[in-house]
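Enquirer: All chains, please: the whole structure from these sequences, using the hints.
Protein chains in written order, with this note's numbering: chain A, 8 to 261; chain B, -19 to 287.
If you're looking for bench data, these hints aren't it; they were derived computationally from the structure.
Cβ atoms here follow ideal geometry from the backbone N, Cα and C, with glycine treated the same way.
Hints are supplied without guarantee of correctness; some may be wrong.
Unchecked claim - With beta-carbon atoms standing in for the labels, derived distance ranges:
| # | chain 1 | residue 1 | chain 2 | residue 2 | range |
| --- | --- | --- | --- | --- | --- |
| 1 | A | Lys77 | B | Lys158 | 33 to 43 Å |
| 2 | A | Met240 | B | Lys228 | 18 to 28 Å |
| 3 | A | Pro197 | B | Gly22 | 51 to 61 Å |
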Amino acid sequence: MNIVVAIKQVPDLVEELELNDSGTDLDREWLKFKVNEFDDHALEAALLIKDAHGANVTVIALDNGLDIDKALYAAAAKGADRVIKVTGDFEGYVSTHKAAKALAGVIGTLGADLVMTGVQAVDDRDGQLAVLLAHQLGVPHVTVVTDIQVNDTSATVHKEYGGGMIGEFTVDFPAVLGIQAAAETPRYVPVAKVRRAMKSTNIEEIGGDGSGASAGTEVTKMYKPETGQGAEMLSGSAEDVAAKIVEIIRSKGI
Amino acid sequence: MIYVIVEHINGKIEDITYEMLGKAKSMGGGVTAVLLGSGVEGLASQLGAADNVLLCQSPELTEFNPQANCKAAASVLAGKNDSIILVGNTSMGMEIGPGLSAVLGMPLISYVTDISDGSVTSSLYGGKMSVQSAVDGGYIASVMAGSFPAESGMLEGSPNVESVEAPDLSDVKVHFVKLIEPEGGDVDITQKEVLVSVGRGIQNEDNLEIVQELADKLNAALSCSRPIVDNKWLAKSRQVGKSGLKVKPKVYLAVGISGAPEHIEGMKDAECIIAINTDENAPIFDYAHYGTTEDLFDVVPAISEKL
Ligand SMILES: Cc1cc2nc3c(=O)[nH]c(=O)nc-3n(C[C@H](O)[C@H](O)[C@H](O)COP(=O)(O)OP(=O)(O)OC[C@H]3O[C@@H](n4cnc5c(N)ncnc54)[C@H](O)[C@@H]3O)c2cc1C
Chain A
8 MNIVVAIKQV PDLVEELELN DSGTDLDREW LKFKVNEFDD HALEAALLIK
58 DAHGANVTVI ALDNGLDIDK ALYAAAAKGA DRVIKVTGDF EGYVSTHKAA
108 KALAGVIGTL GADLVMTGVQ AVDDRDGQLA VLLAHQLGVP HVTVVTDIQV
158 NDTSATVHKE YGGGMIGEFT VDFPAVLGIQ AAAETPRYVP VAKVRRAMKS
208 TNIEEIGGDG SGASAGTEVT KMYKPETGQG AEMLSGSAED VAAKIVEIIR
258 SKGI
Chain B
-19 MIYVIVEHIN GKIEDITYEM LGKAKSMGGG VTAVLLGSGV EGLASQLGAA
31 DNVLLCQSPE LTEFNPQANC KAAASVLAGK NDSIILVGNT SMGMEIGPGL
81 SAVLGMPLIS YVTDISDGSV TSSLYGGKMS VQSAVDGGYI ASVMAGSFPA
131 ESGMLEGSPN VESVEAPDLS DVKVHFVKLI EPEGGDVDIT QKEVLVSVGR
181 GIQNEDNLEI VQELADKLNA ALSCSRPIVD NKWLAKSRQV GKSGLKVKPK
231 VYLAVGISGA PEHIEGMKDA ECIIAINTDE NAPIFDYAHY GTTEDLFDVV
281 PAISEKL
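Expert: Here it is, written out as structure tokens:
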């Protein structure tokens, strides 16, 4: 069985986000990036299938000029059999529509039974990748997936709705799944192992073409939201703050 | 004309549909609800805010089906590329929105929190940034639950119902098996007056002890954000948010929770929200009534001690 996992990097939200001069995008110069956490779950879900049934896992990412190599080496160290960097015009922010087209052009040649990617990313303004990718590939999709059982020709998956309700579906291969959460916490890989993978892994480079595909709309303004009045911030030491919180809770009749 | 994709499950129309209907109505120009299903004509009468209902029925649409519903929606809306189409940024809408965008070739804007003339606002970067996109002509907006009041879309009325023939769905490769209801938990967090809610800031499972102690002292229940459940540190029945439960306690103490839109959806109506988070830019502070950037590992034990 062939599984392809598409990953990408997104700004690490732990860092302070600054705007660029025109106020239409993040200032990307000093941003710290990390792999989209839901893509990490997609990779974990693929590796769990490999562990249980055997599978060939390929991890693919657009070459966005950032440190995507590190992410691909880490994927190899975790157990991916093949890692591919799609080269082309992908620097800066890439819309999901463009990413879907460029990735599909390459994924379509890989003979995948299952394609998996994260359910969403923090920056996919023009929609989530999984379903757009499925349409580019002309295959069925299920997204917001939390559980996957596979056999030779299909998968049985759990799709999560609101309130914890789950829809169970079977989907014939080939198919694209948008992964919300893997059955296990994404595995941790020690730095030493990633270093070893850097020596033994060959990142394949394949040209990709996302031209002609776009979000279809332009960003006119990006800004830090100010919803409502914002919170009244409690000042003082941790002790003072604790005392104030107790007072507030008591004032609610608790 | 503004088209609203109706979301329903177990025979009940979801609130997001009413939110979108209310918003669509306020925009003027007419509202058409797109209702897909089987044996759902009865639901049309609950869509009073709409002027028209396009009803598309087929046995393959009895239960929501990611592929069949996309195909049916695209068929119903074919040729309407100059219109505005509203879909929920929900589990169902995340299949239909991108699906429609791909098939109809229309722009899609997701995580939408507001729509005004010529501009659509989305919430990105975990709620840390708002983004305005210029629109001109037709587009699909995937609307975040909780962005508009549902009441404004719950109107009496008798929309004009038009049946539309379903496309051939016999080639659909996704098959519905069953719905699985969530398991009940040991406590019902929706019924508690006080919730101590913990997020990824707690770092590891052992540290849950300090929030549990605080919850015990307050006679509160411990609830949490999604990663805590994904890590299996707490049961799913404790999860607050989009894919968890909606809660409205008197006091909601958010401990080490960033306030991602999917979390906010579940708790923003709490009477009093107190947030403890070391990141002064955490979106949770936009919704909290009181906040502190002191370290949770200092503040939480200090509160327990004072109780
Ligand atoms: C379809 C879908 C549905 C989802 N449904 C839900 C849902 O129902 N509920 C939900 O919660 N999420 C849901 N999510 C996930 C959501 O997108 C976020 O990933 C999640 O809410 C983040 O959880 P968090 O705030 O605990 O973690 P983080 O975002 O990692 O935040 C941790 C916070 O802790 C703070 N912190 C760290 N250390 C300390 C310290 N020592 N003291 C004080 N503060 C500290 C940090 O500043 C940070 O803000 C869903 C996602 C998707 C895609």
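Enquirer: Indicate, hint by hint, whether the structure satisfies it.
Expert: Evaluation of the provided hints:
no.: 1; hint: Lys77/A x Lys158/B: 33 to 43 Å; in the structure: holds, 42 Å
no.: 2; hint: Met240/A x Lys228/B: 18 to 28 Å; in the structure: holds, 24 Å
no.: 3; hint: Pro197/A x Gly22/B: 51 to 61 Å; in the structure: holds, 59 Å
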